[in-house]
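I would like the entire structure built from these sequences, with the hints used as guidance.
Just so you know, the protein sequences line up as chains R and A, in that order.
Heads up: the first sequence at position 287 corresponds to 287 in the working numbering, and the numbers run straight through without jumps.
One rule links them: number in the working numbering = place in the second sequence (from 1) + 1000.
Treat the hints with care, as some may be off.
What the hints assert, rightly or not - Here are the simulated DSSO-like pairs of lysine-lysine, each with C-alpha atoms no more than 27 Å apart in a straight line:
1. R/LYS472 - R/LYS483
2. A/LYS1352 - R/LYS39
3. R/LYS216 - A/LYS1352
4. R/LYS483 - R/LYS552
5. R/LYS344 - R/LYS385
6. R/LYS472 - R/LYS226
These aren't lab readings, by the way, just hints derived from the structure by calculation.
Quantities reported herein were computed from a predicted structural model and do not represent experimental measurements.
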Amino acid sequence: MDRGYVRYRILRLIVLLVGAVILIRLFTMQILSDEYDVKATNNIVRTEIEYPMRGEVLDRRGEYLVKSRVCYDVMVVYRQLPEEGFDTLRLASILEITPEYLEKQLKKARQSPRAAILVTNYLSQENKLLLDEGNFIGFHTRFRTAREYPRKIGGNLLGYVSEVTREQVDKWDYYESGDYIGVGGVESAYETLLRGEKGVSYRIYDSHGAVQGAYKDGEDDALPVKGAQLTSTIDARLQEFAEELMEGKIGALVAIEPSSGEILAMVSSPSYNPDLMVGRNRNNNYASMLHDQRQPQFNRAVKAKYLPGSTFKLVQGLIGLQEGVLRSSQKYPCDMGYSYGRRKMACHAHNSPLDLRDAVAHSCNAYFCYVFRDMITNSKYGSVKEGVRVWNEYVYSFGFGRQLGTDLYGEGKGYVPTPEYYDRVYNNSWNWGSVLSCAIGQGELGCTPLQMANLAAIVANRGYYYIPHIIKHIEGRDSIDRKFYERHYTLVDSINFVPIVEGMWRGVNVAGTSGKARLEGLDVCGKTGTAENSGGADHSTFLSFAPKDNPKIAISVYIEHGGFGAAIALPIASLIEELYLTDTIKRPQMVEEVLNFKPNYSRNYDLKQQRYDEKRKSKK
Amino acid sequence: MLSDYNRNSYSSSRLLFGGVDMVALGIYIAIAVIGVLCVTSASYDPNTTNIFSMEHNYIKQLMWIGISWAMGTVVLLLDRRLFHMFAYPAYAFGILLLLAVLLFGKEINGAKAWFQFGSVRLQPVEFVKITTALMMARVMSDYAFNLNRLIDLIKVAAIILVPFIIIVLQNDTGSGLVLGAFLFVLYREGLTKYVYFPILFTIVLFIAAMMFSPVVIFVVLLFAFVLYSILRVGEVAGHVRFIAAVFLVALLLSLLTPLSGYVSLMIACGISAIALIVVALKTHTMMLLWPILMFVYAMVFVPTTDFLFSKLEPHQKNRILTFVGLVDDPKNTGYNVNQSQIAIGSGGMWGKGYMEGTQIQYDYVPEKHTDFIFCIVGEEWGFVGCCVVVALYIGLMLRLMRMGERIKEPFGRVYCYSVAAILLIHVMVNIGMTIGLMPVMGIPLPLMSYGGSSFVAFTLLIMIAIRLDASTSENDIYS
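Given below as structure tokens:
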């Protein structure tokens, strides 16, 4: 073989080798690897989310508490902007933003020129039409809904809607960055119903950003599903009136329909206008609320742990009767208080001795000290410790010291001291005297306003309650959760409620601390409470239901540092009952009195705010 | 063989197709047809009112194919001696064209490589491939030409380098590198293989220089050399001592002088290399001389490359760096290649169907009708389509080489090999580029990429080869 032929064969081999290398590479790319298929799809397909209308919330009479209003996000795709520029001033005025802000957003969009970047949100429908007319190339809008509150009420009750956080996106599959989610209140508790289902469409785009059709002929697309409409148990008119009465006071009000557990009104004060949490000023409003030491966003009605004060005597009396340490005819003396050892639990001036009914009516401290002492020191338990344990069980059955299982967001547990707690605090050496302040609702007890209103409902029902709830109907469903239809009995028999109810009625209608709450022909029953505290004036609280038979409303009002129970909590509760039961207010002077009543917060909240502001200033 | 049979049957009467290699012609036509289909897919606009309008690329391409085939027919009718005769003037004319375009040409994509006549653009470099191939064939078929004689080697080198240098001056380096195809031809014509080792070594060093720092390359080479030496000499201790000495000198230099460790090591390696050459010469261990020289060459080449690289245009720099994988930049330089790989890779076994390729039809592949036309084959016809196209090209090359072997005299053989080699480089670089095996160089896929100059030039290139081959059989019969 000559050398030329050998070289011919070598060169032939090289040519074949080049072909082989190309084909092997093609084989790995086209057959073995999926990488390019995925990338090809990602190249052409863009997922477009269509947001559904968020569900609306009605009050119990069908009036809108929360409405959904159409608004638009304005998006820009930087690459599509015309090269010769456009009228930025006009666009800025249509979008109602400053030209500087527009420039800033466009600069941001330049970082990812192919993606749709948010320029601004909450564009109204009218301005959207202007934008469309203006034909600004590169800009498009995205349908969203914003919340609207016709009565501007129920800030904490309803919650608000906000953009999802990074953590929420990571936690739940449903949410993607930029989605909205309910925060607090009804919005949070019923988020999965209110939000509806996002629609999705997969569109094919060419490299210039123009739509070329539906991907897979739209077989994976889905239309958005509107969120469910909820009917609330709230009475909007009552709620508005209650918020008005609570204005300027710190505290909470909860009104329940005892026969169903439906919450008629629930106010945490200070409240805020829910409209503040919508729109472009949201962040500023939110921040200023965050710095407010009165904590307008803290839902006191379900979270705050308040001393129940004398209203708790109802529970003590009931337990005493049930445990047989007390008969309703039993009388105890009261000499301006109850002395034990070297200490004395003071009481105010009233007739003595009193039986149970009058002790409730007059709110005698000494009486319930006897009752409580007799109960926990009863020899049948073997020890005070065991006595307190039995007492605990009773108190829990009234819904204290635990969550009630409502549909309210962020429901607190309150606090009921246990023997273990006293062991810890008193280093295992304590007796009935150490616990005695619980007899009159002082000491370590902590109750949420909701729990106190529930107590009113229990007494109104003579021994049972329905779990309080705020939503009574869900669009498209026959019923709400069945737990809300069940009666929950306390450990106290119905018969034992009779003298307590009698006492509450006498306190209002015959002689007692609650006389101001009397409403002609409505048989109001009530119990005042005045909780002593270290922070300033006493807390004013009032617990009531009406009418005495077939009660329609049970209510608890708690005003921090409001003074005597009868001073402010009572008139507020009474006016709410009046409006709810009679549809009118015949005591304008009492409204005036309530509105003009301003508790003094200078020693607590105002001082705190002052210090906080100084601290912030010095930090800056 | 079928083709041989055909040859004989046609050659009895000298018609237009008399003696024409039907396999080569068939493959040529097949590729051209596939090419038009691809150009059509790349530029078809479903909204067009007149699908035969001269606006459309595929109509233009069809026109160029018509012109090419007319010219090809003329070529087939010419006497083969004309090619021999006109080799010198054609080459000279080609060089003149290149110079003219360098002076008066139009700059497109940074390369001043085009003549513009109205709407028609011409790229002379495409035709220079033909004239250079003819020139090579002419010179190398001279009586008494001997490749292993220095003067002849210089002649050949000059024929290649003169157009190469002008093309590089036009800033069209990619096209210039196509002239490297002639190394393939020279190998067939008997050029010593020792020319190829340094070339391969240089390519490897170049890529290495892009990827690693010089000091890494030196240390690797140093150890490779010592290992080779140990294997050849069969002694270990001396080599270990040698390595130790090199590093000791480097260490001392870096400690005692203000030089950096890197420079110290280079100096130490340099001293050791000189010492080794002296030793090798003295002891007549000539077998070590080659590796030592290669090492010294690397020591000069790598830093020089680094330096020259820094002088390159940014886009060239980026292309090379992207190819070597040092720059991963799918938005810019890597964008074309990235999109082209996505298009081809998503084709699967059977492809997405003609005109159904999403990446192509939705315009994600830039230059899809010219340099990246292979993407259309890859995406719309899948692996099967790619196999067919690659097989056609490889088949055409092998056929041309076979034709060259069959032509008994060197002129035809050198020419046919030249055509095969030019095709090889084009196909290798172009397809290689679309699938990420090669850096981006703007050279077309022969007979498929849209473009008149290229299509006409490749047609002429191949037709001349077919004509020369047909003549041979003629001679066989009549002589």
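Are there hints from earlier that the structure breaks, and if so, what are their numbers?
Every hint satisfied by this model.
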